[in-house]
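K.L.:
Line by line, the protein sequences give chains A and B.
Heads up, the first sequence is in my numbering, so the first residue is 1 and it goes up one at a time.
Heads up, the second sequence is in my numbering, so the first residue is 1 and it goes up one at a time.
Hints may be right or wrong, so weigh each one.
Intra- or inter-copy, both count: the list cannot distinguish identical chains.
Derived lysine-lysine pairs resembling BS3-like cross-links, with alpha carbons at most 27 angstroms apart [claimed, not checked]:
# : residue 1 : residue 2
1 : Lys148    : Lys256
2 : Lys222    : Lys148
3 : Lys92     : Lys148
4 : Lys103    : Lys270
5 : Lys58     : Lys253
6 : Lys53     : Lys256
7 : Lys148    : Lys253
8 : Lys148    : Lys103
9 : Lys53     : Lys148
It should be emphasised that the hints constitute simulated quantities derived from the structure, not laboratory data.
All of these numbers come straight from a predicted model, not from anything done at the bench.
Protein chains: 2
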Amino acid sequence: MSGEEELHNSPIGVFDSGVGGLTVAREIMRQLPNERIVYFGDTARVPYGNKSKETVTKFSRQIVRFLQTQQVKAIVVACNTASAYALDELEKEVDIPIVGVVKPGARAAISATQNGKIGVVATEATISSGIYNRYIQENNPGAQVLGKACPLFVPLVEEGLWEDPVTEEIARRYLTELIDVGIDTLILGCTHYPMIRSTVGKIMGDQVTLVNPAYETARELKGLLREKGLESEHRPGLGTELYRFFVSDAADKFQKFANSILTYGILSAKVINIEEY
Amino acid sequence: MSGEEELHNSPIGVFDSGVGGLTVAREIMRQLPNERIVYFGDTARVPYGNKSKETVTKFSRQIVRFLQTQQVKAIVVACNTASAYALDELEKEVDIPIVGVVKPGARAAISATQNGKIGVVATEATISSGIYNRYIQENNPGAQVLGKACPLFVPLVEEGLWEDPVTEEIARRYLTELIDVGIDTLILGCTHYPMIRSTVGKIMGDQVTLVNPAYETARELKGLLREKGLESEHRPGLGTELYRFFVSDAADKFQKFANSILTYGILSAKVINIEEY
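The following block holds chain A by itself, in its conformation from the complex (with noise of 0.2 angstroms):
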């Protein structure tokens, strides 16, 4: 096997803080479907959403070594935080393809607003960081961003309050200066909120879009793939691991989440000691 085909078959690495990055990773199984994949979630030490640029950048360097020894051909960072704070760093730092979730989402509202008023929802950290309205400004110089940092929608998610009274109380109070401000796009810019879309949807009502940014990322990094001369030409054979999952902790609760998300079946997750990269 040559060196190029060799390549050419090496999985795509995926990572998030905990088990949310696995939206976007269902994604890139729909749409990539020939792709071997390569997991890792940071469950030891979740969530990054409330946390330093400094923290966040440390370990998502950490978790990029660790998918280098995985022999991935591209990277998907498939979590907000670590996009806002880390991208930019990681970039100087790998020689492959890296792939983030905030530009995808933020052009795919753009493509979508009527009037130019775009919200986002999203953990403290990405708000806090602008990036969002950045990006968007910086592609449509017109446009009037609003971010609403909403931390406790994570812990409802992962208690599995999807639809529930608590989370939709908990959703009027961070979404109404929202709608109040008149925006008809809202960007669900944590990989976690795809999960209330249906409660985040019935606050909003039907005349906001709600973008989620795991769809144009995984649109990106196909073209991304394709432009480099990376893509699997072909399904892996029978007898090939085509998704492999590793985290930091707690194996069993990952497995668990995963199995509620992704129709594929996780045979199993690894526990790695990420400190250690």
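Got chain A; can you put chain B on it based on the hints?
P.N.:
Here is chain B on its own, set in the frame of chain A:
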């Protein structure tokens, strides 16, 4: 200055996964006003309550090593999850007195109960360790102990929703089965929970005694220091830093939260790289 005198004047090390342990530190400040304290909050890896025994033990061990570099004369594990999962291991590894919050909490509940029915609210980790049950049964085999994991309490406390209809609704869901069993004593088995004591008390009613292990923990520490001849004999002089605070991330947020718990103004919290210990 003799070595023994130095030891007298050495600080107490207190640690937690984050800010919750400050409720224990506050109680030590009250009951042992002559003692210096070095506090460590693991804000880069918080929370511990949904992580595994292996991970919590590894994190706790690193923190104990850090505290020992600060020449502490005793250590208080001001976190129920770390006390439940790691205390036995830590005791084997250090030769200074080390106190957790679980045993003191269990003892206080045994004294308080009239009908022998004791409830425990805590993190998933503490509840699944079964440790409160074990300690209480050892000392009072007739007691009936009912544990309930309350995973949303920590995020609700951290968001400041201490007295809020949402916290009340969530508390009602968690506590109903404890009320139905007819407990007369409820252990607040997580150092965050004293902040929502009034909400919990409102739901449980006046006839149920709420036990905050912090008080009993400070008492146990006091007795232990006396027994070992380690008490500080007078209040440190002017110019001595009485309390020092270290965190693994985001010192600003920690300071803000700490100032809402402690009457003593936190002048500064220093960030250290805990993974190096």
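K.L.:
Hint by hint, say whether it matches the structure.
P.N.:
Here is what the structure says about each hint:
no.: 1; hint: Lys148 to Lys256; result: between (30 angstroms within a copy, 21 angstroms between copies)
no.: 2; hint: Lys222 to Lys148; result: neither (30 angstroms within a copy, 46 angstroms between copies)
no.: 3; hint: Lys92 to Lys148; result: neither (30 angstroms within a copy, 47 angstroms between copies)
no.: 4; hint: Lys103 to Lys270; result: neither (31 angstroms within a copy, 34 angstroms between copies)
no.: 5; hint: Lys58 to Lys253; result: both (25 angstroms within a copy, 19 angstroms between copies)
no.: 6; hint: Lys53 to Lys256; result: between (30 angstroms within a copy, 18 angstroms between copies)
no.: 7; hint: Lys148 to Lys253; result: between (29 angstroms within a copy, 18 angstroms between copies)
no.: 8; hint: Lys148 to Lys103; result: within (18 angstroms within a copy, 42 angstroms between copies)
no.: 9; hint: Lys53 to Lys148; result: within (18 angstroms within a copy, 35 angstroms between copies)
In summary, the structure is inconsistent with hints 2, 3 and 4 from the numbered list given earlier, while agreeing with the others.
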